[in-house]
Amino acid sequence: MPDPVLIKALRCAACGRLDPGPRDLCEACHSPDLEPTELPGDGALVSWTTIRRAPTRFKGQAPYVIAVVDLESGLRLTGRIAGDPDRLRLALPLRATGEHDGAYLFTERTT
Amino acid sequence: MRKVLVAGIGSTPFGRHGDIAIQSLAIRAADAAIREAGIDRREIGALYLGNFVSGPLTGQEVLAGLVADGLGLAQIPCTKVEGACASGGIAFRHAYLAIASGLCDVALAVGVEKMTHADTATTTAALNCAMDNRSDGVSGLTFPGLFGLAWQVHAERYGTRREQVSAVVTKNKANGLLNPLAQMGATLDNDQIVQSALICDPLRLYDCCPTSDGASALLLVAADRRPDLAAMPVEVLAAAQTRGSARIAGHPDLCTFEATVAAAQAAYAQAGITAQDVDVVELHDCFSIAEIIDGEDLGLMPRGHGAAYAAEGRTRVGGDVPINPSGGLLSKGHPVGATGISQIYETVLQLRGQHPNQVRDAAIGLTHNLGGTGVACSVNILKRLDA
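These protein sequence lines map, in sequence, to chains A and B. All residue numbers for the first sequence refer to UniProt numbering, where the first residue is 1 and numbers rise by one. All residue numbers for the second sequence refer to UniProt numbering, where the first residue is 1 and numbers rise by one.
Rather than coming from a laboratory, the hints here were simulated on the basis of the structure. Everything numeric in this text was worked out from a predicted model, so none of it was measured. Wrong hints could be hidden among the right ones.
[What the hints assert, rightly or not] Straight-line distance between alpha carbons at most 25 Å, and here's what the computed SDA-like set of lysine to any residue pairs gives:
#: 1; chain 1: A; residue 1: Lys8; chain 2: B; residue 2: Pro210
#: 2; chain 1: B; residue 1: Lys383; chain 2: B; residue 2: Thr120
#: 3; chain 1: A; residue 1: Lys59; chain 2: B; residue 2: Arg35
#: 4; chain 1: A; residue 1: Lys59; chain 2: B; residue 2: Lys3
#: 5; chain 1: A; residue 1: Lys59; chain 2: B; residue 2: Arg352
#: 6; chain 1: A; residue 1: Lys59; chain 2: A; residue 2: Asp42
#: 7; chain 1: A; residue 1: Lys8; chain 2: B; residue 2: Ser196
#: 8; chain 1: A; residue 1: Lys59; chain 2: B; residue 2: Ala363
#: 9; chain 1: A; residue 1: Lys59; chain 2: B; residue 2: Gly59
#: 10; chain 1: A; residue 1: Lys8; chain 2: B; residue 2: Arg134
#: 11; chain 1: A; residue 1: Lys8; chain 2: B; residue 2: Ser245
#: 12; chain 1: B; residue 1: Lys3; chain 2: B; residue 2: Ser245
#: 13; chain 1: A; residue 1: Lys59; chain 2: B; residue 2: Gly319
#: 14; chain 1: A; residue 1: Lys8; chain 2: A; residue 2: Asp86
[What the hints assert, rightly or not] Restraint-style ranges between C-beta atoms, simulated for each label pair:
#: 15; chain 1: A; residue 1: Glu38; chain 2: B; residue 2: Leu205; range: 51 to 59 Å
#: 16; chain 1: B; residue 1: Arg134; chain 2: A; residue 2: Gly16; range: 34 to 42 Å
#: 17; chain 1: B; residue 1: Gln276; chain 2: A; residue 2: Ser31; range: 56 to 64 Å
#: 18; chain 1: B; residue 1: Pro252; chain 2: A; residue 2: Asp86; range: 23 to 31 Å
#: 19; chain 1: B; residue 1: Gln192; chain 2: A; residue 2: Ala62; range: 43 to 51 Å
#: 20; chain 1: A; residue 1: Pro32; chain 2: B; residue 2: Asp253; range: 36 to 44 Å
#: 21; chain 1: A; residue 1: Glu72; chain 2: B; residue 2: Asp253; range: 48 to 56 Å
#: 22; chain 1: B; residue 1: Gly18; chain 2: A; residue 2: Gly16; range: 34 to 42 Å
#: 23; chain 1: B; residue 1: Asp386; chain 2: A; residue 2: Arg17; range: 19 to 27 Å
#: 24; chain 1: B; residue 1: Ala74; chain 2: A; residue 2: Thr37; range: 52 to 60 Å
#: 25; chain 1: B; residue 1: Pro252; chain 2: A; residue 2: Asp3; range: 40 to 48 Å
[What the hints assert, rightly or not] Chain B side only, calculated, beta carbon under 8 Å to chain A, not exhaustive:
#: 26; residue: Ser135
#: 27; residue: Asp228
#: 28; residue: Leu229
Yeah, the Cβ is synthetic: ideal placement off N, Cα and C, and Gly gets one too.
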């Protein structure tokens, strides 16, 4: 499978809370001291859908598969799925394998 | 807080109004509401106007002032409010608060949107302004997509089946046939629904509300203003507004909107009733699966039973939990900023006993208006005065 990529996120310097960002104040303690961090991109599929009618900015890319993914670090992300949507099922293990315009691309994790 | 009545209602039909300017739609609906109440328009002390995307889609802003000017109102405060698809419900609550707090005795709530002249990609992009475009937006998610995600989880967790969700579409399209203001009433069965185009799996075309033009308006008065009112007034028992997360990452469960749950709890508490006391509901069925999730969030049925209630006919007129006798967003249409006001318009007709798809002896009605990814919610409860 393709090489994994790390997920850019924010970690609160005051309380350690993680956030997918962007965010100005920590959701837990409201500190403005949020530091960039990188997290492993392994997670599980929460849900997915294939977008067949896309907004202007993504029009040339449709159809594409959107997924909600829970990372092992506890973060929830909205990203995209690479590969065959017919293979998808809830809780399928996934790995981030790419990034495009700020959105992460996830692939079924086989190892 | 003073008691507030809805004393006059007005609405354009929902659908295509190609040649009519957006402010003209709002003025027609509002003028009808003022005339129905039989109140001198110089008595109106505040105007709140719900609208979402008049800027990007029509190039026209300052709608609140424009509409007041067209109506010939005094030099009163005129305010446009925006909360995506909940804009109308929020406008209503602010007009209610202006009277309940004693700031004025008469207030106007108007909702309007004009969308059908734009192509689908432009409209989808404008509607996507209701998303957190620094997080979910970059993935290419759309609002139908959000409800496609919710449907997959609902189906997995509760065993919700395609034909159960279709029952919502069949009911609301049939209800729309009875509503002269509805954009697209129809007789549709499950076979026809599952043959319509896929939009965002598993959502198909008939699972989605149309884009619409239209306006609705309500004239609100303090209850002590009642004696010389022309139309049968309805009492506002509760007007609740809440917020929820603006991004998917902030929703721990894709099958519930915490803004709806909180607004319903606040509204039931303010009204001193429970969900079981409600006789008729107009809720935010922007998509078929949304009606099922919203009903559960409002406590109208046990969690996970929304699809079964629809399939068993319990949410039809004549059922024990009538939902969207107007046809709802799916059939009446969804001119975004007008929807929350339109839901109250329909409910007032029900409580007067004058609705074209009347729920028998309806005494208490509830409206539910949800914006964005559940970022804003309005729940209102209305009561027939003699009930």
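Results for each hint:
Proximity of Lys8/A to Pro210/B is assessed by CA-CA distance (about 38 Å); at most 25 Å being required, the pair is judged violated. Restraint check for Lys383/B and Thr120/B: not satisfied, since their Cα atoms lie roughly 39 Å apart, outside the 25 Å limit. As the CA atoms of Lys59/A and Arg35/B are separated by approximately 46 Å, the hinted pair breaks the 25 Å bound. Under the criterion of a C-alpha separation no larger than 25 Å, the hint pairing Lys59/A with Lys3/B is inconsistent with the structure, at around 50 Å.
A C-alpha spacing of about 47 Å is found between Lys59/A and Arg352/B, which places the hinted pair above 25 Å, so the restraint is violated. A hinted pair counts as satisfied when its Cα atoms are at most 25 Å apart, and Lys59/A with Asp42/A does not qualify at roughly 29 Å. Only pairs whose Cα atoms come within 25 Å are accepted, and Lys8/A paired with Ser196/B is rejected, the gap being roughly 40 Å. Of the supplied pair hints, the one linking Lys59/A and Ala363/B is violated, its CA atoms being roughly 48 Å apart against a limit of 25 Å.
Taken as a hint, the Lys59/A and Gly59/B pair is honoured in the structure, with Cα atoms around 23 Å apart against an allowance of 25 Å. With a CA separation close to 14 Å, the supplied pair Lys8/A and Arg134/B stays within the 25 Å bound. Between Lys8/A and Ser245/B, the direct Cα distance comes to roughly 21 Å. Compliance with the 25 Å bound is thereby established for this hinted pair. With a C-alpha separation of about 32 Å, the suggested pair Lys3/B and Ser245/B falls outside the 25 Å cut-off, and the hint is violated.
Using a Cα cut-off of 25 Å, the hinted pair Lys59/A and Gly319/B is violated, with the two alpha carbons roughly 43 Å apart. With a CA separation close to 29 Å, the supplied pair Lys8/A and Asp86/A exceeds the 25 Å bound. The given range of 51 to 59 Å is broken by Glu38/A and Leu205/B, whose C-beta atoms sit roughly 41 Å from each other. Checking the proposed 34 to 42 Å range against Arg134/B and Gly16/A shows it is violated: the Cβ atoms sit about 23 Å from each other.
One distance hint, 56 to 64 Å for the beta-carbon pair Gln276/B and Ser31/A, is violated here, with the actual separation near 45 Å. Checked against the hint of 23 to 31 Å, the C-beta distance between Pro252/B and Asp86/A comes to roughly 28 Å, which is consistent with it. For the pair Gln192/B and Ala62/A, the beta carbons lie near 24 Å from each other, so the given range of 43 to 51 Å is not met. In this structure the hint that Pro32/A and Asp253/B lie 36 to 44 Å apart at CB is violated, the actual value being about 29 Å.
A hinted range of 48 to 56 Å for the beta carbons of Glu72/A and Asp253/B is inconsistent with their spacing of about 19 Å. Separated by about 56 Å at the C-beta atoms, Gly18/B and Gly16/A break the suggested range of 34 to 42 Å. One distance hint, 19 to 27 Å for the beta-carbon pair Asp386/B and Arg17/A, is violated here, with the actual separation near 54 Å. A beta carbon spacing of about 57 Å between Ala74/B and Thr37/A agrees with the range 52 to 60 Å that was offered as a hint.
Remark: the range hint 40 to 48 Å for Pro252/B to Asp3/A is contradicted by a beta-carbon distance near 31 Å. The beta carbon of Ser135/B comes within 6 Å of a beta carbon in chain A, closer than 8 Å, and the hint placing it at the interface holds. Hint on Asp228/B is violated. Least Cβ distance to chain A is approximately 51 Å, over the 8 Å limit. Nearest Cβ of chain A to the Cβ of Leu229/B: about 46 Å, over the 8 Å cut. The hint is violated.
Hints 1, 2, 3, 4, 5, 6, 7, 8, 12, 13, 14, 15, 16, 17, 19, 20, 21, 22, 23, 25, 27 and 28, counting from the list given before, are not met by this structure.
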